[in-house]
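S.K.: Residues per chain are reported as follows:
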Amino acid sequence: MKKRLGIIFLFALLFGAFITIWNKSYHQGLEEAYIPIKKDNIINELPSESKVFTRSKHALNYAEMPVDAKYQRSLITYYNNRAYPGAPPSIPHEILQDGIVGGNSCLKCHENGGFVIKYNAYTPVTPHPEMTNCRQCHVESRTKTLFKGNSFYKKTPPKVGINNALLGSPPMIPHALQMRENCLSCHAGSSAPKEIRVSHPERVNCRQCHVPKDKEIKDLDLFTRAN
Amino acid sequence: MYTSITNRRSFIKKMALASAMTAAATMFPGIIFADEQEKNIPKDADLDWKKGPCRFCGVGCGILVGVENGKAVAVKGDPSSSVNKGLLCVKGYHQIMCIASKDRLTHALVKKNGSYVKTPINDALDLVASKMKQTIKNHGKDSVAMYTSGQSTIPEGYVASKFMKGAIGTNNLDCNARLCMASAVAGFLTTFGADEPMGCYEDIDSADYFITWGNNMAEMHPVLFSRMLEQKNRRDAKIIDFATRTTRSSTASNKSILFEPQTDLAVANAICYEIVNNGWVNTSFVEEHCNFNKGLTKMGYGLEDNYKFKDKPSKISFEEYKEFLEDYTPEKVSKYSKVSVKDIKYLAAIYGDPNKKVVSYWCMGMNQHTRGTWMNNLVYNIHLLTGKISQPGNGPFSLTGQPSACGTAREVGTFTHKLPKGVVTNEKHRRKAAKIWKVPYERIPSKPTYHATEMFRAVDRGDIKFIWTQVTNPLVSLPKTSRYKPGMQKESCFVVVSDVFPTPTSDVADVILPATWHIEKSGLYGNSERRTQHWDKMVEGPGETTDDAWMTIEVAKRMGYGDLFPYSKENHVEEIYNEYRQFHVGKKHNMAPLEVLKSQAGAIWPYVEGKSTQWRFNAAYDPACDNGKDFHFYGKPDGKAVIWQRPYEPAAESPDDEYPFWLNTGRVIEHWHTGSMTRRIPVLHKAVPHSYVELHPEDAKKMKIKNGEKVKVVSRRGSCILPASVNERGLPTIGQVFVPFFDENMMINDVTLDAFCPISKEPDYKKCAVKIIKA
Numbered sequence: 005m006k007k008r009l010g011i012i013f014l015f016a017l018l019f020g021a022f023i024t025i026w027n028k029s030y031h032q033g034l035e036e037a038y039i040p041i042k043k044d045n046i047i048n049e050l051p052s053e054s055k056v057f058t059r060s061k062h063a064l065n066y067a068e069m070p071v072d073a074k075y076q077r078s079l080i081t082y083y084n085n086r087a088y089p090g091a092p093p094s095i096p097h098e099i100l101q102d103g104i105v106g107g108n109s110c111l112k113c114h115e116n117g118g119f120v121i122k123y124n125a126y127t128p129v130t131p132h133p134e135m136t137n138c139r140q141c142h143v144e145s146r147t148k149t150l151f152k153g154n155s156f157y158k159k160t161p162p163k164v165g166i167n168n169a170l171l172g173s174p175p176m177i178p179h180a181l182q183m184r185e186n187c188l189s190c191h192a193g194s195s196a197p198k199e200i201r202v203s204h205p206e207r208v209n210c211r212q213c214h215v216p217k218d219k220e221i222k223d224l225d226l227f228t229r230a231n
Numbered sequence: 154m155y156t157s158i159t160n161r162r163s164f165i166k167k168m169a170l171a172s173a174m175t176a177a178a179t180m181f182p183g184i185i186f187a188d189e190q191e192k193n194i195p196k197d198a199d200l201d202w203k204k205g206p207c208r209f210c211g212v213g214c215g216i217l218v219g220v221e222n223g224k225a226v227a228v229k230g231d232p233s234s235s236v237n238k239g240l241l242c243v244k245g246y247h248q249i250m251c252i253a254s255k256d257r258l259t260h261a262l263v264k265k266n267g268s269y270v271k272t273p274i275n276d277a278l279d280l281v282a283s284k285m286k287q288t289i290k291n292h293g294k295d296s297v298a299m300y301t302s303g304q305s306t307i308p309e310g311y312v313a314s315k316f317m318k319g320a321i322g323t324n325n326l327d328c329n330a331r332l333c334m335a336s337a338v339a340g341f342l343t344t345f346g347a348d349e350p351m352g353c354y355e356d357i358d359s360a361d362y363f364i365t366w367g368n369n370m371a372e373m374h375p376v377l378f379s380r381m382l383e384q385k386n387r388r389d390a391k392i393i394d395f396a397t398r399t400t401r402s403s404t405a406s407n408k409s410i411l412f413e414p415q416t417d418l419a420v421a422n423a424i425c426y427e428i429v430n431n432g433w434v435n436t437s438f439v440e441e442h443c444n445f446n447k448g449l450t451k452m453g454y455g456l457e458d459n460y461k462f463k464d465k466p467s468k469i470s471f472e473e474y475k476e477f478l479e480d481y482t483p484e485k486v487s488k489y490s491k492v493s494v495k496d497i498k499y500l501a502a503i504y505g506d507p508n509k510k511v512v513s514y515w516c517m518g519m520n521q522h523t524r525g526t527w528m529n530n531l532v533y534n535i536h537l538l539t540g541k542i543s544q545p546g547n548g549p550f551s552l553t554g555q556p557s558a559c560g561t562a563r564e565v566g567t568f569t570h571k572l573p574k575g576v577v578t579n580e581k582h583r584r585k586a587a588k589i590w591k592v593p594y595e596r597i598p599s600k601p602t603y604h605a606t607e608m609f610r611a612v613d614r615g616d617i618k619f620i621w622t623q624v625t626n627p628l629v630s631l632p633k634t635s636r637y638k639p640g641m642q643k644e645s646c647f648v649v650v651s652d653v654f655p656t657p658t659s660d661v662a663d664v665i666l667p668a669t670w671h672i673e674k675s676g677l678y679g680n681s682e683r684r685t686q687h688w689d690k691m692v693e694g695p696g697e698t699t700d701d702a703w704m705t706i707e708v709a710k711r712m713g714y715g716d717l718f719p720y721s722k723e724n725h726v727e728e729i730y731n732e733y734r735q736f737h738v739g740k741k742h743n744m745a746p747l748e749v750l751k752s753q754a755g756a757i758w759p760y761v762e763g764k765s766t767q768w769r770f771n772a773a774y775d776p777a778c779d780n781g782k783d784f785h786f787y788g789k790p791d792g793k794a795v796i797w798q799r800p801y802e803p804a805a806e807s808p809d810d811e812y813p814f815w816l817n818t819g820r821v822i823e824h825w826h827t828g829s830m831t832r833r834i835p836v837l838h839k840a841v842p843h844s845y846v847e848l849h850p851e852d853a854k855k856m857k858i859k860n861g862e863k864v865k866v867v868s869r870r871g872s873c874i875l876p877a878s879v880n881e882r883g884l885p886t887i888g889q890v891f892v893p894f895f896d897e898n899m900m901i902n903d904v905t906l907d908a909f910c911p912i913s914k915e916p917d918y919k920k921c922a923v924k925i926i927k928a
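Top line first, the protein sequences correspond to chains A and B.
Using our numbering, read the first sequence as starting at 5 and increasing by one per residue.
Using our numbering, read the second sequence as starting at 154 and increasing by one per residue.
Bound-form chain A, shown alone (with noise of 0.2 angstroms):
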């Protein structure tokens, strides 16, 4: 009898503990269904100033990165890429799959480079690896025949040596920086045009010195003065 008691006891102290204990994780369970309403994210960032130091953490590599003179890039063929200077440049080189998305296939080389064997080339760095809707500026080229003639004017891009103001003074920004803003990508490494690879990528800060040329806004009125 007493045995007998003792296991029923014995029970029903672990019927009580599995009550409390379920009863327990249950109220936790209904509190985590709770998501708590976030405010809106409040925007921290300057994406025209924090870019230029967003590849900054590659200045010293890049400083140190010697030049392949046989497989530079130069300018000509850099905007040969382009429709105009400063429109995204076209895919040159054939894509296997369709339908991919940026982030797991362009960055894969493009974000920070390399050599590629299979084009002969340095792969180009993105100044803006944050889109990764790569294709919906950037296009393939898969004829060179056209639909009809065309006889759009294309800008001739800016030259190399020309922007400094003094003798020796850095040379101005002469292009437009938007989705260009950061200088590094395109300016420093193995895949940069040979005419503007910088020498000196571990100053990172580059608009201390270069200032942009023509700063796209509306001129509001000439800096006059009265007398």
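Please note: incorrect hints may appear among the correct ones.
Restricting the straight-line Cα-Cα distance to at most 20 angstroms, the calculated cross-link-like pairs of lysine to aspartate or glutamate (EDC-like) are [to be verified]: (1) Lys495/B <-> Glu479/B; (2) Lys61/A <-> Glu732/B; (3) Lys61/A <-> Asp358/B; (4) Lys751/B <-> Glu723/B; (5) Lys585/B <-> Glu728/B; (6) Lys924/B <-> Glu851/B; (7) Lys839/B <-> Asp256/B; (8) Lys391/B <-> Glu206/A; (9) Lys451/B <-> Glu802/B; (10) Lys839/B <-> Glu185/A; (11) Lys789/B <-> Asp779/B; (12) Lys690/B <-> Glu728/B; (13) Lys451/B <-> Glu440/B; (14) Lys286/B <-> Glu644/B; (15) Lys238/B <-> Glu185/A; (16) Lys61/A <-> Asp361/B; (17) Lys643/B <-> Asp903/B; (18) Lys463/B <-> Glu802/B; (19) Lys927/B <-> Asp903/B; (20) Lys264/B <-> Glu697/B; (21) Lys217/A <-> Glu881/B.
Some chain A residues flagged as far from chain B (calculated, every beta-carbon gap over 12 angstroms) [to be verified]: (22) Arg8; (23) Leu18; (24) Ala63; (25) His97; (26) Glu98; (27) Val120; (28) Val143; (29) Ala169; (30) Arg211.
If you want the footprint, here are the derived chain B segments under chain A, 3+ residues with CB under 8 angstroms [claimed, not checked]: (31) 245-258; (32) 397-405.
FYI, nobody ran anything at the bench for these hints, they're computed from the structure.
Built from N, CA and C at the ideal position, the CB exists for glycine as well.
Starting from the structure of chain A, add chain B where the hints point.
M.R.: Quick look at chain B alone, frame taken from chain A:
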């Protein structure tokens, strides 16, 4: 456009060569291009490179100016200067272009019947002298005033002080450094009893953490910031940006912490609370080298004319200080500073860790503050409590804005209360000045008169009847110009303006004197790290332009004080410097002799036994320490620095329902102060052609304001219409707007408030309440 290169033929030849090189380069794609990039730049073999300091900020970079056929044609960083090691910023590289501006003031102009008449310089100086003399005769010595600059050279400041205080006998001399460095000075004097930073730029090379307090160094002290970025990349040093606005510096930093304007006082105290309560106090250092003091509180804001305040310091115990800190627990402070408890503790832990070397940098954010002196004291508290001071890589470092705010305004003392050594209220100091100046000691008045803001209030009231400004543009740079501009236009005051270019200040002048620019004269500047730098005249100034120092001397001579100014026109800079050096003889402040300054890119004072003293107050580096201990704060009579009990007090004007936004003003990298020079440099003007008002995107969205759209910034004082800037250069916090003040066509200082720090008398340009209306 770039007519500064006048030898057109050689220039065209060079350009032809350059384009040929470019063409050649494109034809031979195998060539390594680093060389060709260089070749595009014409060879500068025939340029004569002359050494000097940069004209612009207080960093004091060494520059080399390329001179060809008597014209300045190029600028490069001086590789031998330890400040910048060959690097400059965009302003520095293009500085010489401003002197070729077509509206350069080349002759004296005297206002006759409402229009300016070109006048021979000698006649103009005659007029200035006779007017000054007559004003003194009719209205007394204190009716004339001189307002100079932290951009004046050491000799310019020195003769101005000697002329006003020694010759005429009035303390009506103040300078624009009152608007930028006065709180730093008051901070140094109250804490250490000796002005100017103890450390030097070499600190950057060994610090583990850089904490910047309200200081956008990437734009305002760019060359130092580059040095920091270099350490960040090479040694993994960390930059922490503590500010009220997200800027280029924030984005380049390891961490950006934003705080509500004015609450820096509370956060600094909260850091001290954490240091004290976590046992991070360097007890032996504090016991041996520090006193605890408190001063008066609820000082007011100096908004009313003739406002007077004098602090009454009294000693307190460490226990009392600890009790005071109870109000500043991170939890309490977090509520109104909007800095998270975690971030406050994070900052405190960095300062508190004895194995981490920390340098604090600050400039206008802390100085242009109605409690600027307190704020300076509080950051010193942090460094004193932890003993992180006066050692390589460890220390508080107050950066200067102007190239010679240290060298001229602070060391020569072109403030109303100052003398080249000491203050006018001290009889010993007056006697010393009188002896070197060879004037009767009674002539130097013992009472300070007007500080900058009060000086222009006195002009407005009609108390000052003659004012002469040099190297400064107060009608753009003063706060609340909506009052001071009409004040200066009044008939009651005769206004003389010396400048290189016409400015809104010269627009109200009765006489405009044409000054030579930087490289058109010889001079000396003193930078933030106590480095004195000399330069020789490099090119001739146009027309009848004259050195500012020489114009002061000429007027003094015409007023009958010729015997006090026995300098020669050709060599006055050196003669004046040699006379001035006598004031600072001694281990605590000895200035380097001229031959040293000529042979190298400057020298740091105290210059003792042929050596610059890089870390003051530290016996290992500073020969002036003589108490036999590791550190000696010899500025104070007992050799101890002061830890101040300074509370949080609200700003003079905070946003309310009617004026819901904070207005913060400041600079951009491309422009120097009021833009009179940089706007005349085509490269810089094209990069930032006009001012703007930065809004937070959320605020802009709420008010339906688009980027570039014109909006009106309105305060109780005045208004200003500017284009909106959303997500461009900087990002103010929600409820705050930011406006750069360089643009004389968009006068934001019509809107600002002339409240100032009661101790330092430095106005607060960073905080007032405004509303934003679509214009």
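S.K.: With reference to the structure, classify each hint as holding or not holding.
M.R.: Results of checking the hints against the structure:
Between Lys495/B and Glu479/B the CA atoms are separated by roughly 18 angstroms; this keeps the pair inside 20 angstroms, and the hint holds. With a C-alpha separation of about 51 angstroms, the suggested pair Lys61/A and Glu732/B falls outside the 20 angstroms cut-off, and the hint is violated. At roughly 19 angstroms between alpha-carbon atoms, Lys61/A and Asp358/B fall within 20 angstroms of each other, so this suggested pair holds. This hinted pair checks out: Lys751/B and Glu723/B have alpha carbons roughly 17 angstroms apart, not beyond 20 angstroms.
Proposed proximity of Lys585/B and Glu728/B is supported: the alpha carbons are some 19 angstroms apart, at most 20 angstroms. The suggested pairing of Lys924/B with Glu851/B holds, with an alpha-carbon distance near 16 angstroms, which does not exceed 20 angstroms. Restraint check: the Cα-Cα separation between Lys839/B and Asp256/B comes to about 18 angstroms, which is no more than 20 angstroms; the hinted pair holds. Distance restraint check for Lys391/B and Glu206/A: the Cα-Cα separation of roughly 17 angstroms lies within the 20 angstroms cut-off, and the hinted pair is therefore satisfied.
For a cut-off of 20 angstroms, the pair hint linking Lys451/B to Glu802/B stands: about 7 angstroms separates their Cα positions. Pair hint Lys839/B plus Glu185/A holds up; C-alpha atoms about 18 angstroms apart against a cutoff of 20 angstroms. Proximity of Lys789/B to Asp779/B is assessed by CA-CA distance (about 13 angstroms); at most 20 angstroms being required, the pair is judged to hold. For the hint linking Lys690/B to Glu728/B, the alpha-carbon distance of about 15 angstroms falls within 20 angstroms, and the restraint holds.
With a CA separation close to 30 angstroms, the supplied pair Lys451/B and Glu440/B exceeds the 20 angstroms bound. A threshold of 20 angstroms between alpha carbons decides the hint, and for Lys286/B with Glu644/B the separation of about 18 angstroms falls inside it, so the pair holds. A hinted pair counts as satisfied when its Cα atoms are at most 20 angstroms apart, and Lys238/B with Glu185/A does not qualify at roughly 27 angstroms. At most 20 angstroms may separate the alpha-carbon atoms for a hinted pair to count; Lys61/A and Asp361/B meet this at roughly 17 angstroms.
Distance hint between Lys643/B and Asp903/B is fulfilled; the C-alpha atoms sit about 18 angstroms from each other, no more than 20 angstroms. As the CA atoms of Lys463/B and Glu802/B are separated by approximately 18 angstroms, the hinted pair is consistent with the 20 angstroms bound. Using a Cα cut-off of 20 angstroms, the hinted pair Lys927/B and Asp903/B holds, with the two alpha carbons roughly 18 angstroms apart. Annotation: proposed proximity of Lys264/B to Glu697/B holds, straight-line Cα distance about 18 angstroms (limit 20 angstroms).
The hinted pair formed by Lys217/A and Glu881/B meets the criterion: a straight-line CA distance of about 16 angstroms does not exceed 20 angstroms. In this structure Arg8/A is separated from chain B by more than 12 angstroms, as the shortest Cβ-Cβ distance comes to about 59 angstroms. At roughly 44 angstroms, the least C-beta separation between Leu18/A and chain B is larger than 12 angstroms, which holds for a residue marked as non-interface. The non-interface label for Ala63/A is inconsistent with chain B: the shortest C-beta to C-beta separation is roughly 6 angstroms, within 12 angstroms.
No beta-carbon of chain B is positioned within 12 angstroms of the beta-carbon of His97/A; the least distance is around 20 angstroms. Against chain B, the non-interface label of Glu98/A holds: every CB pair exceeds 12 angstroms, the least being about 25 angstroms. With a minimum CB-CB distance of about 19 angstroms to chain B, Val120/A clears the 12 angstroms threshold, and the non-interface call stands. With 12 angstroms as the threshold on Cβ separation, the claim that Val143/A sits away from chain B holds: the shortest Cβ distance comes to roughly 27 angstroms.
Ala169/A, annotated as away from the interface, has a beta carbon of chain B within 12 angstroms; the closest lies near 5 angstroms. Distance to chain B contradicts Arg211/A as a non-interface residue, since its nearest Cβ pair spans about 7 angstroms, not more than 12 angstroms. Beta-carbon proximity to chain A at under 8 angstroms applies to 5 residues in the region 245-258 of chain B; the threshold of 3 is reached and the given coverage holds. Using a Cβ-Cβ cut-off of 8 angstroms, 6 residues of the region 397-405 of chain B lie near chain A, which meets the minimum of three, so the contact claim holds.
Of the numbered hints stated above, those contradicted by the structure are hints 2, 13, 15, 24, 29 and 30, listed in ascending order.
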